[in-house]
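J.: Residues per chain are reported as follows:
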Amino acid sequence: SDLSQPPSVSVFPGQTATIDCSGDNLGERFVCWYHQKAGQSPVLVMFRDSERPSGIPERFSGSNSGNTATLTITGAQALDEGDYYCQAWDSKVFGSGTKVTVL
Amino acid sequence: QVQLVQSGSEFKKPGASVKISCTPSGYTLSSYTMNWVRQAPGKGLDWMGWINTDTGNPTYAQGFTGRFVFSLDSSLRTAHLQISDLETDDTAVYFCARVGDGFFFDVWGQGTLVLVSS
Chain A
1 SDLSQPPSVS VFPGQTATID CSGDNLGERF VCWYHQKAGQ SPVLVMFRDS
51 ERPSGIPERF SGSNSGNTAT LTITGAQALD EGDYYCQAWD SKVFGSGTKV
101 TVL
Chain B
1001 QVQLVQSGSE FKKPGASVKI SCTPSGYTLS SYTMNWVRQA PGKGLDWMGW
1051 INTDTGNPTY AQGFTGRFVF SLDSSLRTAH LQISDLETDD TAVYFCARVG
1101 DGFFFDVWGQ GTLVLVSS
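Residue numbers (this note's numbering), protein chains in the order written: chain A, 1 to 103; chain B, 1001 to 1118.
Just so you know, these hints were derived from the structure itself, not from any lab.
Everything numeric in this text was worked out from a predicted model, so none of it was measured.
Note that the Cβ used here is the ideal one computed from N, Cα and C, for glycine as well.
Some hints could be false.
[To be verified] The list that follows gives simulated cross-link-like pairs (lysine to any residue, SDA-like), each with its CA atoms no further than 20 angstroms apart:
hint	chain 1	residue 1	chain 2	residue 2
1	A	92	B	1085
2	A	92	B	1057
3	B	1043	A	96
4	B	1043	A	67
5	A	92	B	1007
6	B	1043	A	22
7	A	92	B	1103
8	B	1043	A	20
9	B	1043	A	8
10	A	99	B	1043
11	B	1043	A	36
12	A	99	B	1040
13	A	92	B	1101
14	A	92	B	1111
15	B	1043	A	93
16	A	92	B	1068
17	A	92	B	1060
18	A	37	B	1041
19	B	1043	A	66
20	B	1043	A	9
21	A	92	B	1019
22	A	92	B	1065
23	B	1043	A	83
[Unchecked claim] Which chain B residues face chain A? A few, computed with CB under 10 angstroms, are given here:
hint	residue
24	1037
25	1068
26	1100
27	1109
28	1110
29	1111
30	1114
Let the hints inform the model, and build the full structure from the sequences given.
T.: Structure, rendered in C-alpha cells:
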C-alpha cells in the first residue's frame, strides 16, 4: 500500500481520536474512509475528503491537505471501535488500516 | 433496500478454481460499476480491480492479473469473480463493492470466504 496509517489508535470515551493517512500529494486526491467492525463488511464514513454519508454521526469529520488526510472522531463512543481504512480515489488503493480502541 | 448478496463460503484444494457471485438487490447491476476487494485473514483491504457493468470490460489492479477474471452473467444480473489455479495465499474474504454516485464504494457485499488448503 502506498498509503500509510498508524497501526493503532486508543482513545477514552468522549475524547477525540485522530487517524492520519499519508501519501504523496494526497491533498490533491479525493480520499474516503471506511470503518470495519470484526467479521463485518466495511462501511463508508467519509467521502470526498470531508463529506459525511447519510446516517454517519456528526462526530466524524475529515480533512485532507499536503500529504496527509485525517479522520477525526470527536467524542468517541464504544461503537466506534474497529478498523479504519483510508482510500485514495484516483488509484482505489486502500491505506494499511488503523485499529481504533475505545478504552 | 439496496444490497449486494454474495455466494457462500468455498473450500478448495490448491490448483482448483473457484467462482464467486455477487447479485444486486434493489437496483440494476448495469447502473453502477462493480469492484472487487480481497481481505486476507487478519490483514487489510486490497483492491483487486473493477468491471464496467455496462460493457463487461474488466480492469485488474497490479498483482491480480492472469489468474483472476471478472465477468458478468449473460442476463447481466450478477457479477462474478473467478480465481484459477488457487494457491494457499488466496485464502481470504472477497468482497464486491459498488461505486456510488461519487468517489466512493457505497454498498458492499457481505463477503465470501475462500479457504484454500490441501
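J.: Against each hint, give a clear statement of whether it holds in the structure.
T.: Verification of the supplied hints:
no.	hint	result
1	92/A with 1085/B	violated (26 angstroms)
2	92/A with 1057/B	holds (17 angstroms)
3	1043/B with 96/A	holds (9 angstroms)
4	1043/B with 67/A	violated (24 angstroms)
5	92/A with 1007/B	violated (24 angstroms)
6	1043/B with 22/A	holds (19 angstroms)
7	92/A with 1103/B	holds (9 angstroms)
8	1043/B with 20/A	holds (19 angstroms)
9	1043/B with 8/A	holds (14 angstroms)
10	99/A with 1043/B	holds (11 angstroms)
11	1043/B with 36/A	holds (12 angstroms)
12	99/A with 1040/B	holds (16 angstroms)
13	92/A with 1101/B	holds (15 angstroms)
14	92/A with 1111/B	holds (18 angstroms)
15	1043/B with 93/A	holds (14 angstroms)
16	92/A with 1068/B	holds (18 angstroms)
17	92/A with 1060/B	holds (11 angstroms)
18	37/A with 1041/B	holds (14 angstroms)
19	1043/B with 66/A	violated (27 angstroms)
20	1043/B with 9/A	holds (17 angstroms)
21	92/A with 1019/B	violated (23 angstroms)
22	92/A with 1065/B	holds (16 angstroms)
23	1043/B with 83/A	holds (10 angstroms)
24	1037	holds (8 angstroms)
25	1068	violated (15 angstroms)
26	1100	holds (8 angstroms)
27	1109	holds (7 angstroms)
28	1110	holds (6 angstroms)
29	1111	holds (6 angstroms)
30	1114	violated (16 angstroms)
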